[in-house]
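Single-letter residue listing:
Protein chains: 2
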Amino acid sequence: MIILGAGFGGLECAKKLDGKDVDVLILDRNNFHTFTPLLYQVASSLLNPSDICFPVRKAFRGSPNVRFRQAEVVGFDFPGKRVLLRNGDTERYDHLVVAAGTRTHHFGNETIEKRSLGLKNISEALELRNHVLRCLEEAGDRPVADQTPWMTFVIVGGGPTGIEYAGALAELMALVVKPEYPMIREGARIVLVEGRDELLPAFHPSLGAYARQRLEQLGVEVRTGQLVDSLVGDEVRFKSGEVIESKTLVWSAGVRPEDVAEDGPTRERSHRMEVDAYCRIPDAPGAFAIGDIAGFVGEDGAELPMVSPPAMQQGRYVADFILQQSSVTGRDADPDHPPFRYWDKGMMATIGRGHAVAQAGSLRFTGIIGWFAWLIVHIYYLIGFRNRLLVLGGWSWNYIFYDRPVRIIAGAKQLPALPGSD
Amino acid sequence: MIILGAGFGGLECAKKLDGKDVDVLILDRNNFHTFTPLLYQVASSLLNPSDICFPVRKAFRGSPNVRFRQAEVVGFDFPGKRVLLRNGDTERYDHLVVAAGTRTHHFGNETIEKRSLGLKNISEALELRNHVLRCLEEAGDRPVADQTPWMTFVIVGGGPTGIEYAGALAELMALVVKPEYPMIREGARIVLVEGRDELLPAFHPSLGAYARQRLEQLGVEVRTGQLVDSLVGDEVRFKSGEVIESKTLVWSAGVRPEDVAEDGPTRERSHRMEVDAYCRIPDAPGAFAIGDIAGFVGEDGAELPMVSPPAMQQGRYVADFILQQSSVTGRDADPDHPPFRYWDKGMMATIGRGHAVAQAGSLRFTGIIGWFAWLIVHIYYLIGFRNRLLVLGGWSWNYIFYDRPVRIIAGAKQLPALPGSD
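Chains as they are written, first to last, in the working numbering: chain A, 582 to 1003; chain B, 582 to 1003.
The set of hints was computed from the structure by calculation and includes no laboratory data. Possibly wrong hints are sitting among the right ones.
Under 8 Å between C-beta atoms, here's a sample of chain B residues computed to sit facing chain A [unchecked claim]:
no.: 1; residue: Asn629
no.: 2; residue: Pro630
no.: 3; residue: Pro636
no.: 4; residue: Glu718
no.: 5; residue: Ala755
no.: 6; residue: Lys759
no.: 7; residue: Glu761
no.: 8; residue: Trp978
no.: 9; residue: Ile981
no.: 10; residue: Val987
All C-beta atoms, glycine included, are put in the ideal place defined by N, C-alpha and C.
Make the full structure from the sequences, and use the hints.
Printed below as a string of C-alpha cells:
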C-alpha cells in the first residue's frame, strides 16, 4: 500500500502499520516530516529547521515493512491503482492513503501570490526569517524618513498561524531593534489583518477577544473586518482604499488542497476531496483520503477543521480499516466496521511569551495556564527525543535570556536539479 | 575606522577596540560571524548552521563604539580613504583593517568551477549537505547497476578541510546507508585526492601518514600525487587519464584572496595583499590587511599559513597599533612600536570519531588525545555560551547515539533582491 504524504495523518497511519503484515510505501516530496505548528518559531529566529523536522527514514529505521521514497506525486490512476510521479515513474498500490495536505491559497490574486511570504513549509519559514532580518539591515542603512516601509510588516490572516507569528514577530522586534539597531528610530509596525470581525474565528469568541487584547499589548495593530486587495510596489492596498507602505506581506489567510486532490471528486467550496464515512474516495477502490486534503463531513454537517488531530485520528482509523480487511485483497469494507468519528480534543494557540488560548469542549484557558497546556501538548507531539530536548531547551533559553538566537540570514540554493535526476 | 570582514581577524580586532575611544564600523556581506573550522560538520548533517554562526550585532550588543553594516565591499579608494560598496555607497575611514579572507580558487578550471561543491561558507555547507542527502535518495530510486555515480563522492584537497570532511562523510554513510537505504547495495565510495605526495602537507609527515591510515580504516580511498583535470557529465577525469563516475566533486584544493585584494599591491604567487612588518598596506595611509588576505612574511621568509591564529593575533596587534597612535589622526607608526610577530601555537585536524592529529612546536598528538585537544580548542574558540553548549551537546549526542541528526534536505531561496534594496 502507498501513503502519500508524511504529515501528521500519513505518519500516524504508517506508524500504526509498522511491523504489521502490510507493505507500506510512504511518498513525500521532502525527506522529512515537518512539525508545522512550530514553523512560526523558525520564521521568528527561535528554532532551527532541524528542531521541528524529522527524517522519515529515521522514523522507520529498522522497520521491516515501511519504506520511503522521496518523490513528487502529480496524479492518480484510480482504476489502474497507480500513483503517477513527477519523473514519469508510477507506483502501484492495493490500498492508497492520500494525505497530501494543503498549500497556500491566494484566491487568484496574482500580486499577492508573487510577492507575499508564506508559512506553510520549512523553506517558506526560512525565507521569511531571512527576509525579516534583512529588512532590519536595510532599514538601518537608510535615513530615518526612508525606514518606514522596511519596518512595516503586514500579516494577513487572524487564525492561529497569523496570530502566533504576529506575537512572535512583535517579541523579536522588541528584543532586537532597540539594543542592536540604534539608528532605527521607530520600532517595527506590525499590522495583523483579518477579514472577519474577530480573531481566531474557529475558537470561542472570548478567546479571540483575549488574543486581540494580548496582541495589542505587544504593540500589534489588529484590524478585523478588513481585506487586503493587492500588493503593488511597496504598497499594501486594502479593499477600503487605504494604503500601507510595506516591504513585507505575510499571507496566512487561506489554504487549499494540494493539486492532486483534483484527480478525484472534490467538494464545492473547500476543494477538499470527497470521502465517505469510512474516509474512502468514491469510485476509487482501495483509496482513502485523510487530513486537510479530505473534506470529511463531521456530525454537525460541517467539514472537519484543517488541524492535525483529525488527520492523526483518521490516519490511525484508516490503518485499522486496512488491517481489518483481508490484508491485500482490496475488497470492500467489513460491513460491521464502524465509520470514522472525530474526537475533538480542542484547539490552542499561543500569543507570545507566557500567554496562550486553549479550548477543550466547554473548558477554556488563557494566560499562563493556557500557555503551559500549549507547551506540554506541543512537546508531546513532537517526534523524537532529541527534538523535544532541543525545542524545550530553546524555549527555556528564550524565556530566561529574552533571546532569539537563530538570527542569521542564510540559505542554500533551493534543490537545483541534479544532472540526470529527471 | 572600518574593519572589513567579521571573520576571525576582523572580529578579534573589533573586540579589542570595543569600549575604547575609537569609532569602529564593521562591514561584512553576512550578518554573522562563521566559525569556519566546523563548516564540515554542517555539511555532514551533524550541526545546525546557527550552532556555528553568531550575529555580529549580537556580539557587540550594547557596545558604545562598535557599529555594524551588512554590505558588500567592491573596492577601495586608498588615497581618498574610502571604501566602495556594491550599492554605490561609500564609507570614509581614518583607519582601515582589511580582513576579507579568501574564496575558493579553481585555478581557472571552468568545468570544476561550475559543477563542484565548496566548503567555504554556510551556504556552500548547506548546499553540500542537501546534495549528498539527495544523492542517497536518487541512488535508492534506481536499479543497483545505476547507483554507482550517485554513491561515489570525490573530494579534492588533502588539507584539514578535505580530510575532516572525508572522515565525517565516511561516518555519515556508515551510520545511515545500511539501516535506512536497504536498496542501496554497495556502500558509498569516497575518494580523497591530493596533488602532493602526502596528506596534510603543512603538518609533520607522521601526522599526514596517521591521517591517511585512519581515513583508510574508515573506508576512504586516499589518492596522493594525483590531480583532477575536469568534470564532464558524471565523469571526474584525472590528469592521468583515469575516470571516476561520480555526481559529486567537493573542491577544497585551493583558495585565493577575495577580489578586493587587487586594489592594493599583491604578492606574486599567492595573490595575497602585500603588507609590511606592521601589517600596513604600502602606500595606503591608515590601511592594514590581516589574516588570510594578507601575505605577511614570517620570520622564516614564508607567508603565514591561512589559518585562524595568525588572523586573530594580527587583529589584536593592529587594534593595539591603532590605539597607540594618537587615535584618529592616521599618522605614521610610533617608531618604537614593535613589528608583528606570529606566535605559532600549532595546528590540528580531526579524522572522524575519536581521532585527530595535532602539533604544537615539537609536540605531536594523535588518536584520542589529539581528539580531546581538538575538542577543547574548538569549543573554547566558538563564540557564545549557547553555541558552545549546543555544539558540545551535538557532539555528545553523536558520540553516544551514533546519530547524524540534521539530515533534512531543506533550504531557502538565496537572498532574493528586495525591491528597492539596490
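*Status of the hint placing Ala755/B at chain A (closest C-beta pair under 8 Å)*: 14 Å, violated
ask   = Do the numbers back the hint for Glu761/B, that is, is its least Cβ distance to chain A under 8 Å?
value = Because about 4 Å separates Glu761/B from the closest Cβ in chain A, which is inside the 8 Å limit, the hint holds.
Could you check if Pro636/B really has its C-beta closer than 8 Å to a C-beta on chain A? This interface hint holds because 5 Å falls under the 8 Å limit.
Min Cβ distance, Ile981/B to chain A: is it shorter than 8 Å? 11 Å, violated
- Satisfaction of the Glu718/B interface hint, Cβ to chain A closer than 8 Å: This hint holds: Glu718/B lies near chain A, its Cβ roughly 4 Å from the closest one there, short of 8 Å.
Quick one, is the Asn629/B hint okay against chain A at 8 Å, beta carbons? Because about 4 Å separates Asn629/B from the closest Cβ in chain A, which is inside the 8 Å limit, the hint holds.
Would the stated hint for Val987/B survive a check requiring a Cβ distance to chain A of less than 8 Å?
4 Å, holds
If you take the shortest Cβ to Cβ gap from Trp978/B to chain A, is it below 8 Å? 6 Å, holds
Given Lys759/B was flagged as interface, is its beta-carbon under 8 Å from a beta-carbon of chain A?
-> 10 Å, violated
Have a go at the Pro630/B hint: is there a Cβ in chain A nearer than 8 Å to its own Cβ? At about 5 Å, which falls below the 8 Å cut-off, the nearest Cβ of chain A leaves the hint on Pro630/B intact, so it holds.
The structure is inconsistent with the numbered hints 5, 6 and 9, although it conforms to all the rest.
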